[in-house]
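Asks: Based on the sequences and whatever the hints tell you, model everything.
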Amino acid sequence: MNPSIKLLLLFIIALEISFTTIISLNVALIVLAIAYLLIHHTKLRTIGWLLIVPLLPAIGLWSTQYINGSGNKTLMAWVLFSRIYTFVFTGATFTLTTNILQLADSLEQNWHLPAKFAYGVLAAYNLVPKIQHEVKIIRAAGLMRGQQLSFWSPKLYFKAVLVSINWSQNLAQAMVSHGFVEDAPRTHFRHCPLVWQDWAIFTVSIILMQVGAFLLPWH
Amino acid sequence: MKWAKAWRLSDIILIALIGIFFGAIFMGTNYVYDVLTAALAPVGLSGLANELLLGLWCMPGMLAGYVLRLKGSATLGELLAATVEMFFGGQWGISTLISGVTQGFGAELGYIVTRYKHYDWLGLTASVLTTTLVTFGWDLARNGYFKLQLWLLILYFVVRFCSMFLFGGVLTRLITDMLDRSHVLKSTHTNN
Numbered sequence: 058m059n060p061s062i063k064l065l066l067l068f069i070i071a072l073e074i075s076f077t078t079i080i081s082l083n084v085a086l087i088v089l090a091i092a093y094l095l096i097h098h099t100k101l102r103t104i105g106w107l108l109i110v111p112l113l114p115a116i117g118l119w120s121t122q123y124i125n126g127s128g129n130k131t132l133m134a135w136v137l138f139s140r141i142y143t144f145v146f147t148g149a150t151f152t153l154t155t156n157i158l159q160l161a162d163s164l165e166q167n168w169h170l171p172a173k174f175a176y177g178v179l180a181a182y183n184l185v186p187k188i189q190h191e192v193k194i195i196r197a198a199g200l201m202r203g204q205q206l207s208f209w210s211p212k213l214y215f216k217a218v219l220v221s222i223n224w225s226q227n228l229a230q231a232m233v234s235h236g237f238v239e240d241a242p243r244t245h246f247r248h249c250p251l252v253w254q255d256w257a258i259f260t261v262s263i264i265l266m267q268v269g270a271f272l273l274p275w276h
Numbered sequence: 635m636k637w638a639k640a641w642r643l644s645d646i647i648l649i650a651l652i653g654i655f656f657g658a659i660f661m662g663t664n665y666v667y668d669v670l671t672a673a674l675a676p677v678g679l680s681g682l683a684n685e686l687l688l689g690l691w692c693m694p695g696m697l698a699g700y701v702l703r704l705k706g707s708a709t710l711g712e713l714l715a716a717t718v719e720m721f722f723g724g725q726w727g728i729s730t731l732i733s734g735v736t737q738g739f740g741a742e743l744g745y746i747v748t749r750y751k752h753y754d755w756l757g758l759t760a761s762v763l764t765t766t767l768v769t770f771g772w773d774l775a776r777n778g779y780f781k782l783q784l785w786l787l788i789l790y791f792v793v794r795f796c797s798m799f800l801f802g803g804v805l806t807r808l809i810t811d812m813l814d815r816s817h818v819l820k821s822t823h824t825n826n
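Chains V and Y, in that order, give the protein sequences. Number 63 in our numbering belongs to position 6 of the first sequence; there are no gaps in the numbering. Number 826 in our numbering belongs to position 192 of the second sequence; there are no gaps in the numbering.
None of these hints come from the bench; they were simulated from the model. Backbone N, C-alpha and C define an ideal beta-carbon position, used for all residues, glycine too. There may be inaccurate statements among the hints.
Said to hold, decoys possible - Examples of chain Y residues toward chain V, derived with CB under 10 angstroms: (1) I647; (2) A658; (3) T806.
Said to hold, decoys possible - From chain Y, some residues computed to sit far from chain V (all C-beta separations above 12 angstroms): (4) R703; (5) H752; (6) L767.
Replies: Structure follows, in structure tokens:
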């Protein structure tokens, strides 16, 4: 499925379940999402991990409503509990089957996002491992001078911004020197088609979602 | 796409890098969130963990709005940070993106109401206030806050504002002060 249409669909679903309080609908979405993941050969271990990661916040939300809620406390507690899992599993159907490169291609080719945004963000995204390493370097450099740089130390962020400024200019220069011209028309090596089947899946899913949210007599 | 014209390639990369850097730093704070949530869950106050740390997570937007004084920079900065977080498997799945938009737009709104002219205490405080309001409005629905008892709702709101003010206001201000003193912002802004 076209990445940006998929993301749009999931975005709308996430918005809609944020305003509905139907546990069965949430569970149905989770089951659908898991089925989708299994079809796409996601490892069982990954799915198990997805069950564990949101457990703590889910219990937190559950107990907050159960103890300090008003009205039908039990219902709301379980709605929020299942809602988190719906967010995580529907999100995983995107993040585990699509990479950011495909999304950038789709946004650029199908939605005319200026190429500088698509490729600029990709350039930065590819530096993630280097960025994680750099944070360690900044902390170690601080320790060498006896400064413990914690997440509330302005100096840590200041140094991170300095590095960002430096790298952003280097990267931009590197891209330009390799022939990238801002706002110039481009041809594409990787094609990302947007076909009528994408729109069909999108429309049917949205209609099904409305049936699930408003017509089915869930309990 | 008139607004896009003002953006240079290096601006876009910069805003994305800042978002990722902050994300990398925040990953080290996840344990604080987990411990707090676990400790507060039995008394039904685990939302406090979220409220206490939310200001931290909203910093990229506010800082991006300050560093790159372009329309949309706060929203884009926060949205990019959220996108990266989603791909790296945050605890909130797809709703991370919606949170990113609301937090970014909340921060942006502060700069909008001060007409993109006040890059000082006024602009930051306005941004702190609008971010608190917009994100709280979103949590009324998403986290079911509208069903909570009133005293708890008020407590959450006050804690959230304090967190926003401490991290988004004071800490961001300390960082921007350092940036101002080092005279690095001018060069990025005019973009040579």
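Asks: Name the hints, by number, that the structure is in violation of.
Replies: The structure breaks none of the hints.
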